[in-house]
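Enquirer: Using the hints provided, position chain F with the ligand relative to the given structure of chain U.
Just so you know, the protein sequences line up as chains U and F, in that order.
For the first sequence, the residue numbers in my numbering are 39 to 168.
For the second sequence, the residue numbers in my numbering are 5 to 436.
Be aware that one or more of the hints could be misleading.
Sample of chain F residues at the chain U side, in silico, Cβ under 10 Å [to be verified]:
1) D176
2) V270
3) S380
4) E381
5) F384
6) S385
7) D386
8) L414
9) V415
10) E416
11) P417
12) K418
Heads up, simulated DSS-like pairs for lysine-lysine below, C-alpha to C-alpha not over 30 Å straight-line [unchecked claim]:
13) K105/U <-> K400/F
14) K229/F <-> K105/U
15) K229/F <-> K155/U
16) K105/U <-> K413/F
If you are wondering where the hints come from, they were derived from the structure by calculation, not from laboratory data.
All residues carry an ideal CB built from backbone N, CA and C; glycine is no exception.
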Amino acid sequence: MKARQVSVFVENQPGRLVAMLEALQTRNIDIRALSVADNADFGIVRMILSDTRLGADVLREAGFTVKETTVLQKDMPDRPGGLLETVARPLSEAGINLEYFYAFLDPAPGKATIVIKVADPERAERVLGP
Amino acid sequence: MIWSPKYETMPRKDLERLQLERLKAQVARLNEKVPFYRQAFLDKGITPASIRSLADVARLPFTAKHDFRDNYPFGLLAVPHDEVVRIHASSGTTGKPVVAPYTSGDIEMWTEVMARTLTSAGMSKMDIMQNAYGYGLFTGGLGFHYGGERVGAAVIPTSTGNTKRQLMLIQDLGTTVITCTPNYALIIAETALEIGLDLKSTRLRLGVLGAEPWSERMRAEIEAKLPIKAIDIYGLTEIVGPGVSVECPHQCGMHIFEDHFLAEIVDPRTGEQLPYGEKGELVLTTLTKEALPVIRFRTKDITSLDPSPCKCGRTLVRMSKVTGRTDDMLIVRGINVFPSQIESVLLEVEGVEPHYQIIVDREHHLDELEIWVEVSEAVFSDEMRKLESLEKRVRKELESVLGISPRIKLVEPKSLARTEGKAKRVIDRREL
Ligand SMILES: [Zn+2]
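Just chain F, same shape as in the assembly:
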């Protein structure tokens, strides 16, 4: 099913014409209303009239996360304050959070892209959607909530946490769709096992998961432990929240809603635009946002774009699963390490649970990579040499992928911190 065939299946020529028209208007408005952008355009020698083709987007300045911090809280606002009807904020890993104001037009657009998202995932008005994304400043909860209601599903606003109650509601209310982070989906599966609930006996059939990077292996894990098809979604506070892109039932990349968000891939080091198919940093420009339009936001997410036609009929470009973040990237002994690489390896070594923690330390001026891996009952052996060979297998696999040999430490199940939001996979103890 396609929520908005007019835009989601628009011939690419028409789509590009629409994008250009909207980009021009956006640049003109920012030039007039936001001093930060006026200055940035001036520095680059850009006037609104100089945007003549979509290729000109490459001439526009980038917006970085720190620009939000530097202009905290309302320096990037492009409308009068009385037009703001909602304010969200991201967690902000360092210092002040990113503040995201919305006009009623923005809420309408967001609701629309979330309705598309949930429809693409396979949800309809017949569904009962349990929304276990956090409600509050975080965009996940309300973004999904509005989208779910727009589709016409019955939305249960459980928010995240209180997993046993979530399970009770799944059973009692006949929940068919769960929306939460992939990690929380695993917590739900574990808790069901603990209380002896067979999730297959419930009506649960679909999960719309995101807000943190996860691998294909983790998807397999989730789909094995929960009776759901696990659909990946993508979004970020700086752009709109969830609703930027979503997989269709073919699960072959996430279609970006390009009539609202212009996507590019750039080389994270040089900022040079890269062609379709090449891996690099995703850069997004909002085309219709009113309160907080953003030009060329550096997402720091590593992905690639594929504009080839999709079996679902959508003409929208597809982004591959995010394989890492430019700022999540660890440099250990001069080697780039993405936590997602480590996750993939661990999940490939049979039986090892996907719960792990990466610890980077510096001993005698030398970086040490240590990985704590939870031992499941399935791999535990009463023979020491079998556990030691498991450690060795994980170490060798990681060594062949990363090029450095990490120390592996087996730890008791559930001893690593479980979070209901984003999992903190890396503890970097180095003092640089």
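One chain only, chain U, in its complex shape:
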């Protein structure tokens, strides 16, 4: 299923992550999933938020550079081979390249969720099923 993700440009500097998290906290926005890609100078923080629209606005107000993007969110079984069989192999067989992905465990036991960024989300959704 498609989901909206909020990405934030964060300089690698003391206090920037705190400032970002505080901005979300003040408006009671929950982070459902999070991943960070970084290099020596900056990081890209990617998040699935309880309220995408409000979250993005709050972060912009706090002076951050923010982008909203469409990603795929796919449930999968939390067991050996789960990621491989449910996501990685079907996409690979369909010739779909992953830009990036990150996964998290669901509160429900035995379940996990993966967030996937691909160039063509429509096609990937057809390959993976709902």
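Expert: Structure of chain F with the ligand alone, referenced to chain U:
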């Protein structure tokens, strides 16, 4: 429109005759009144009578910025103190400021060249001019103020800063002309965006911008973000303040008011005069200043002169946009680098905001050039490789222009210092 057709469209032969007459008088007066110049003339073997043609200006001594410092505060004054009616001073990047006294005749001349400047930019008595140049010792504020009033426009003396109030006045008073530094024009545009004001809904139509070098690309940026035609002006405290030269509506270089200021281009290293069209250091001689006449002032500004006829009808020589300063010039690993070159490249790489900072450091006896570039929302991507390819693109572009490979660091928007006056683009951390 031309404020003073008699002088601004004078046949060049007549203009040159007038310049020579005024130059002779100036040299004679300085020889008599200012010991510094008397000595400098003596050293060069010059007597007032030996100035016979305009070409003789090349024999006159130069005046450098340090001569103002060495003669601080009134050593170069050419009139009795009681004739001074105003004193301005430049910021003075090192040590004492440059002190610029004016007689009432100087104020009159300055007002006149500023009236010409604003008329050339396209302003008339019908306009409402919001003057966001700093008032005070800086010549920008009062120079524009007097010129605006002389033209007959309604002048709003906001001075610089308090941008939200500036925007309120633009809306409420129906401001048509904004006068400020190009950087401040961008701050105004950014602030308007922040508070959700569409500047196109205001009556703003013209900007008269200067007091710091800016590129054609920056002009495009300003004209895209503000509903104005952006006119470039030039001036400096040592000569008169703003009012030395200005673009006409054809925006093809700035016409120098040559009946008051004699312009030359010299090779910055040798001091040799260069012909029209060649790039070099602008050297200015005041022809009518009373309190502080200056002979052959080394401006350190790099430009070139074009005397060919202009479509506007002015016969005055045009100087090209200042592309750099001889003292702004960075030498990095033996290579000359002008911040303006870096600015042009950044603005050409699509989407990169014109806010940047140049940092020069020395690591293990090797100069390192680092450029901090603000990432706008337009170029930000959630994919690392896209941001890294942006860095690479900027680096490669700069490398091809400068011949050295700088380190590029992407930083958050608005994280670089915004100044309301001159932007400090370069931080040189080298200890030489
Ligand atoms: Zn012209």
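Enquirer: Each hint needs a verdict: does it hold in this structure or not?
Expert: Hints, one by one, checked against the model:
no., hint, result
1, D176, "violated, 26 Å"
2, V270, "violated, 43 Å"
3, S380, "holds, 7 Å"
4, E381, "holds, 5 Å"
5, F384, "holds, 5 Å"
6, S385, "holds, 7 Å"
7, D386, "holds, 4 Å"
8, L414, "holds, 6 Å"
9, V415, "holds, 6 Å"
10, E416, "holds, 5 Å"
11, P417, "holds, 6 Å"
12, K418, "holds, 6 Å"
13, K105/U <-> K400/F, "holds, 26 Å"
14, K229/F <-> K105/U, "holds, 22 Å"
15, K229/F <-> K155/U, "violated, 34 Å"
16, K105/U <-> K413/F, "holds, 20 Å"
Comparing the model with each numbered hint stated earlier shows that hints 1, 2 and 15 do not hold.
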